[in-house]
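Novice: One letter stands for each residue in the lines below.
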Amino acid sequence: MRSRFEITLSSLAYGYVLRVPILVCLSLLALPFVAIPTDAIAGPLLRGLFDITDQSAPAGGASFAQVVVAFALVTVIALMAAATIWITTSLIVADGEERFGLRPVEKSPGLQLLLRLFPLLAAIAVVGGAFIQSTGTVFAGLLGAVFGIAVFVLLIRVRETWWRLFSARAKSRLARVLFRPFVWVVSLTPEGFTDPQTGEVRLRHLFALVQLFISMLLYAVLFALKYDADLRPILRAIPTLCIVLLLSMMLCWGLTAVTFLFDRFRIPALLVLATYGTLVSVFPQGDHFFASIPTARTERPVPAATVLARRNGDVAVVVAATGGGIQASAWAARVLAGIQHDSVACRTGFDRALVAISAVSGGSAGAMFFLDAYDPATGALPPMIDIDSEPSVKAAEASSLDEVAFGLAYPDLVWTVAPFLKGLDFNPPSLWNGRNLTADRGTALEDAWKRTASLGTSTLLSWRDDTAGAKRPAVMFNATVVETGQRMVLGSTTVAKAERRSPLLDFREEYGDVDLLIATAARLSATFPYVSPPARVKRRGVFENAVHLVDGGYYDNYGTATLVEWLDEALSDGAATPRRIVFVQIRSSPSGGFDSTGGSRGWLFETFQPLTTMLGVRGTGQLSHSDLHVQLLRNQYGGHLIVPVTFEFPRRLNAETDDVAPPLSWHLTPKDRGRLHDAWGLMRRDRLDLQHQLNDADNATCVQ
Amino acid sequence: MRLAFNRLSIATFWVGLVAAGLGLWTAAPARLRPARPLPEGVHSPMLALELLRERDRVHVPEFVDPPQQAVFGAEAIGTRIRPTREREHLLRTVRRDRYFIAAYDAFLTLAGTLAIRTPFGIPLIVAANAAAYYDVQENRLLNGVLTDAATAVPREPSLKKWAFVFGAFLLMAPALVPRRGAIFWRTLGLAGAAFALVGGVEGLLAIVYANDQLLESAAGRLTVAFVFAAIFFGTCRVLAEGLLPALDRLAATRWLGWLSRWPPSEPT
Numbered sequence: 002m003r004s005r006f007e008i009t010l011s012s013l014a015y016g017y018v019l020r021v022p023i024l025v026c027l028s029l030l031a032l033p034f035v036a037i038p039t040d041a042i043a044g045p046l047l048r049g050l051f052d053i054t055d056q057s058a059p060a061g062g063a064s065f066a067q068v069v070v071a072f073a074l075v076t077v078i079a080l081m082a083a084a085t086i087w088i089t090t091s092l093i094v095a096d097g098e099e100r101f102g103l104r105p106v107e108k109s110p111g112l113q114l115l116l117r118l119f120p121l122l123a124a125i126a127v128v129g130g131a132f133i134q135s136t137g138t139v140f141a142g143l144l145g146a147v148f149g150i151a152v153f154v155l156l157i158r159v160r161e162t163w164w165r166l167f168s169a170r171a172k173s174r175l176a177r178v179l180f181r182p183f184v185w186v187v188s189l190t191p192e193g194f195t196d197p198q199t200g201e202v203r204l205r206h207l208f209a210l211v212q213l214f215i216s217m218l219l220y221a222v223l224f225a226l227k228y229d230a231d232l233r234p235i236l237r238a239i240p241t242l243c244i245v246l247l248l249s250m251m252l253c254w255g256l257t258a259v260t261f262l263f264d265r266f267r268i269p270a271l272l273v274l275a276t277y278g279t280l281v282s283v284f285p286q287g288d289h290f291f292a293s294i295p296t297a298r299t300e301r302p303v304p305a306a307t308v309l310a311r312r313n314g315d316v317a318v319v320v321a322a323t324g325g326g327i328q329a330s331a332w333a334a335r336v337l338a339g340i341q342h343d344s345v346a347c348r349t350g351f352d353r354a355l356v357a358i359s360a361v362s363g364g365s366a367g368a369m370f371f372l373d374a375y376d377p378a379t380g381a382l383p384p385m386i387d388i389d390s391e392p393s394v395k396a397a398e399a400s401s402l403d404e405v406a407f408g409l410a411y412p413d414l415v416w417t418v419a420p421f422l423k424g425l426d427f428n429p430p431s432l433w434n435g436r437n438l439t440a441d442r443g444t445a446l447e448d449a450w451k452r453t454a455s456l457g458t459s460t461l462l463s464w465r466d467d468t469a470g471a472k473r474p475a476v477m478f479n480a481t482v483v484e485t486g487q488r489m490v491l492g493s494t495t496v497a498k499a500e501r502r503s504p505l506l507d508f509r510e511e512y513g514d515v516d517l518l519i520a521t522a523a524r525l526s527a528t529f530p531y532v533s534p535p536a537r538v539k540r541r542g543v544f545e546n547a548v549h550l551v552d553g554g555y556y557d558n559y560g561t562a563t564l565v566e567w568l569d570e571a572l573s574d575g576a577a578t579p580r581r582i583v584f585v586q587i588r589s590s591p592s593g594g595f596d597s598t599g600g601s602r603g604w605l606f607e608t609f610q611p612l613t614t615m616l617g618v619r620g621t622g623q624l625s626h627s628d629l630h631v632q633l634l635r636n637q638y639g640g641h642l643i644v645p646v647t648f649e650f651p652r653r654l655n656a657e658t659d660d661v662a663p664p665l666s667w668h669l670t671p672k673d674r675g676r677l678h679d680a681w682g683l684m685r686r687d688r689l690d691l692q693h694q695l696n697d698a699d700n701a702t703c704v705q
Numbered sequence: 249m250r251l252a253f254n255r256l257s258i259a260t261f262w263v264g265l266v267a268a269g270l271g272l273w274t275a276a277p278a279r280l281r282p283a284r285p286l287p288e289g290v291h292s293p294m295l296a297l298e299l300l301r302e303r304d305r306v307h308v309p310e311f312v313d314p315p316q317q318a319v320f321g322a323e324a325i326g327t328r329i330r331p332t333r334e335r336e337h338l339l340r341t342v343r344r345d346r347y348f349i350a351a352y353d354a355f356l357t358l359a360g361t362l363a364i365r366t367p368f369g370i371p372l373i374v375a376a377n378a379a380a381y382y383d384v385q386e387n388r389l390l391n392g393v394l395t396d397a398a399t400a401v402p403r404e405p406s407l408k409k410w411a412f413v414f415g416a417f418l419l420m421a422p423a424l425v426p427r428r429g430a431i432f433w434r435t436l437g438l439a440g441a442a443f444a445l446v447g448g449v450e451g452l453l454a455i456v457y458a459n460d461q462l463l464e465s466a467a468g469r470l471t472v473a474f475v476f477a478a479i480f481f482g483t484c485r486v487l488a489e490g491l492l493p494a495l496d497r498l499a500a501t502r503w504l505g506w507l508s509r510w511p512p513s514e515p516t
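In the order they appear, the protein sequences are chains A and B.
Following our numbering, the residues of the first sequence are numbered contiguously, the last one being 705.
Following our numbering, the residues of the second sequence are numbered contiguously, the last one being 516.
In short, the hints are calculated from the structure, not lab data.
Cβ coordinates follow ideal geometry from the N, Cα and C atoms, glycine included.
A hint or two may mislead.
As the list claims (entries may be wrong) - To give an idea of the interface, some chain A residues facing chain B are shown, with a C-beta separation under 7 Å as derived from the structure:
no.	residue
1	110
2	111
3	113
4	114
5	115
6	117
7	157
So here's chain B without its partners, still in its complex pose (with noise of 0.2 Å):
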């Protein structure tokens, strides 16, 4: 059962890892310093558009530059600033996150089952599969927005996510609270467990107030949270006797022995 336990959690820590690196790579686009203030004071583009409100559309041009300008994109001599592509990094973004989705559902749902014994368990399935629905949802109308051809926001949808994921990681934090095992690998658990606790809190607080900013502020504990606890589940079974025995095995191995005796520290 143990044996089990520790294979599910380290799969779970493998797709994290996937899911973080998919993460970076969906995101590397979109990281815009946009030329004027977005909507609500959020400073990254992607979130100002996934929460624009209706009547703040009118405004997207402001933040996003016309797709003429991304079509012809040709350098304007005497002018101050060269017309951007802003818009074609956003879709870009938006294209490349169905793989993102794909992935931090998968861990969601793994860390849900590696707490299926728990009352938490399949209530972070439901929110996980539930928060990718409404991402799905929500990237279709962003599609929408940056090609002017959408006919409402993605507000409503991005909102119900965000509130799935939220409370998708709410429900992971006790699974990041074991009662046994080493106390190095129980710290960083612990750590995991305090952002998700106070990233899911604050998340929700801020759409029940609908403030935007201290979404896009919960949104970056969460991600703290997501590293420790990919890091944790990964680590379950090196660190379970703690840290220095998993070094003296790491310090065993072919490829790092050497480096726990060379350079020599004492005359030989």
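Next up, chain A with everything else stripped away, as it sits in the complex (with noise of 0.2 Å):
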């Protein structure tokens, strides 16, 4: 007779081998809670995946016809996701008490009813996410989800189909190749697949791999649709979040099968697969690589004095822009260009006056769009009349967000398995260095952001030469060694190596014999933990002992580091001598206001304090020293020369929204592009300022 405990735990139990169902049922149910309300903890990197209708339609006019594809794509694979992990729970409640030895479950319709219950929860909590982010959408977005439900229907119903069509010929070749590897695996071990009495493999079994067979067929179909997205609009209608589904159901297919496996012998999932992430990490292919072009050309970046000279006698503006997603790039296109604007009314000649720009992360992305506004004929910008509608400052918003998940649940996920494929190729044969070591997230962000002719194929030795023309500012994008931790400029202009007094390398002096494409310098330096791989360049095959370049975030947030040191190089030996130097500061987010906010306690935050507190010092450390390195460089030449004007993301835009934290994903949501808007419209003491250091006049009513 077993005690009332005893057969409380032995039930609990299940949680254990439900572990990976139960886990993606719990993410899917609070996802959108952990990413919607305007104070969530994930809000500023999930929120917009929920925005499923305006990643197809930037501007904010998807059409009828597009919202009801996005709603009803969402609404079958959540509910997809959810029949997989429905399925997969409910195998092991079957058979864990063969399987596993566990207390046999009465297999009532209460918990049948329960094992549906949960998922199913979850996809509406998903769809629901999507309704209350997306804006406009209610009687699209309902016809989509009706329609939505009736695929699913009608999957269910291609299930019963093909398991009539597999019973009927299951001597035929395709049901051989479909279930000899499955079979084979019960062959090794049989308990909990097959029946102990007939020793047949048990038909739930079979029937929740052809399910298994109908969700690869999506993830198959779905990669069909949105590898040829760019060239098809209505296709752009499919969301991110579907993507995202995709890949929670085929994680839960995944790992439901290896702890089905495993966890009988008492061996733990995560050992399996860190035992298999060991053995695949021999392959040099597994890494990421960048792209970069052969070149027989010699020329180093443009010196800094060189660019500076240009501005003698006249005044220069020097800009760093600072990291923070797609905020950071949206913020430091738009101040440029909102600048810009400004100085056409004033007569001011920003322009011309603007010579160099370092930028991170981010704020690398918005450099690299409004510097690609210049026209290398006659160096100068074209008129901008209306920022919100200008080029590069709706570039520089527009979501991202899509390629990067994209990437991830794609080629990232198959060269996760099997890297060893990742190098081989026909088209010359190669066994290691094919043109897929190239194809990840990272990548897939980077052709992104071509969203220009010119982007697509200007490179870092092009735009050297229209900075040593004086047809384009000089830029440098800072990057980090992970290796190092230097920090790496990809620009047209750097730092002398004699002049430095930090550690810090220059690309084209390191790897001389390529050049970079822009997007691919401007996405090295934003490389977003995680959002973006670590990458070493592609230059003498796999084989190759190169560095891992990520964000320049890691070494300075703030892009100062570099453009001090290079305008204390530039103005040292005396041949650049402008009549000032502004020199701009473009924040994507607020800095300062420490709050205190407390609440962890206890030993678990003693374990992780060494961390939290390096992180709260990344923050802090940079913030002051690029502030006192600013102060130092101006004290060394007089206090005058030089001009500081900082354009700071408001820590607060008005009460009725309360404080929202920028977004850090590659998706801006309207209502950022809104705050976005109304930022710049809060900045105008500093763009009168600006205007003022530019040509010494009252320009009060020329900024408005």
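Both chains come to you apart, so use the hints to assemble them.
Specialist: Here's what the structure looks like:
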């Protein structure tokens, strides 16, 4: 006779063997709650996922059909993910007794309801979240959801039809090919898979296998559709949320299979995965690479003094743009375009006065789009009449979330499972150095940024030529070397080696025989943790011992460290003598205001405290060093030559919407774009100050 | 007798549900993030006002905007921060609070009625009504502070209110620990009782030691205790025989029955 305590605890053991579907279900259920509310913990990173209609039409004008398609797809894939959770749970509950020696479970209708209800609630939460976050979509969204439910019912019918076909032709070649690997695994460890009386594989496992085939088919169909999405605008209506749902569905299938196989032998699934990961890490092609262009040219980036000397006797402007995801990109582009807009009205010639930009992370993307707008023939910017519709601003604000998610769910997932296939190519034949080496989410992001024809072809060397010919301001994209923690500058100008007082590397000096696309350089500078992978140069093949580059924000998120050194070098030999240097800092989120939130305590807090402190110090330390460097530079050159002006995204726009943490993913919702618009309107004092520094006149009437 | 108890228990749940809804509705306008730290280090602007000390009264405009800004509320071009309307939001919460007071008073009174045969029943009803009385007094003074018409801060009635609320939850805890019943249902009650006990003791200590931060943390635990208690009362009949039989009954209904059969997990 077992005690009540023992019965209760042995029932709880099901929680362990069911951990994968339970975790996937809870993750999906919690996803909208941690992403959507104003102060949601993962809001900045995940809120954009639920804005499913805006992704297809960044201008906010998704057509009726696009909204219907978007909601139908999210609904059907959310229901398929729910079905996956339910099926995997059902199998473990039904055969847990035999496979793991657990207490038998009473197979009641109530249990069947429970197993279906929770996954269904998770699907409802996801679709509901999309309804809340996507604006102006009620009727079309409802229609799409109904359509999605209909397609799901159809897919379930398809499963039954396939099942009948398979059992009717059990000896057909297709059935053998599909079922044989499974039957082979079952023959190795039949407990829980087969009926002990007949020795036959239980039909529910084969039935579940058919559902897995449908899931894989859906995964493949979405790949085929998404692959060509740029060519057919309607395909842009396939939301990123679908990819995330598909990814969770595939993970649920894969990891449940691992736990079902190995839990019987008390081998932890994590150990199995870690062992596999260690084994396949011997393949060098499993690493991430960025593309480079071989070149015979030997020119180095333009020296700082040469660039600054163009403005001798006149006002020069230098810009440091901070990091911070798409918010930083959009804010940098908006501030630069906005200053140019003011400058046209005030006749201060900002485009000519601007000599160099040092950018980090998201700021690099914004700087890239702005500098791309320069006409290389005249060295001037086109008139910027309306900032909101300015192409560089729109490009910086456009979502890249979809491309990153696609890269993660398709190439990166496949290469993670089978890295040895990554270098394989047939034309020309190669085992290691094939074209797919650079196919990952980083390259997907980079491709998404080639939003103009010129960005598809512009390289560091071509922009270097423009800078040398005074046709385009110089640019320095800052990245960090993983192995040494050094800064690496990728740009059209740099700090000469002799002048360097900090461990700074220049890409062209380290890799003189290759050139990089501007988009590649910007994305290396913007390698936001986990969103983009750390990558090394693809130059002489996978066996070359090159360093990995990641986000420049690890070293200096403000972009000032490089710019201060650059200015110091330019001014130190006396060749560059501008009348005034306006040092513009573009900060995409409020700095300072160190709120003491507290709340954490106990041994768990103590365990992670060093990491928490290190991350906290990274922010405060970088800010104080940045301010100090700028101040010391000003003091070194008399205190009047260098004038700082800061455009900092305000802490608070208004009380009605409360504080909203800036987005960190590569997607802006319409509300985020509205906040950027409003924030620029609040910058009037700084805008006036900057225009005054450019022409020493009262510009109160020309800055609107 | 048992039937009457069950009916009263379910009525308590419904009143609790209404109280929860009204609580959310009442608190919604006051969910503000003040620009500056609040007195005594609390996080909720409303609680900061409730527990305001006389010496801190001069600092009210620092975390609540002056009334003229609420009236004009114009966008100030050229400044970093637009004027906010926090005072207006807080006043709205104070006005709504009367409905919430009635609802939580009814919930605790019904809980007291459920425990009327125990030594805790009548004290619980008395504590609930005393808390409601002082809450009304507190709101009168809060209104005055927010409109600059008050002669005193609401701290005294507020502390009395909180003392009775914490006391009421302590007295309710035994009612959440039944001797019989299915394990899942009893676990719900035990969890509610544990939160009520910890929150109640913590809250009373906070009042004794005049520690406002501790009081805020104890109030948070009472919210959890309230949720568990309401679910416990509401499920006394449904979960009487356990979770699976309850689910079986749910699976037998027309609305959810289909979900226990479709989609089929085995070939038909």
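Novice: Which of the numbered hints are not met once you compare them with the structure shown?
Specialist: No hint contradicted; all consistent.
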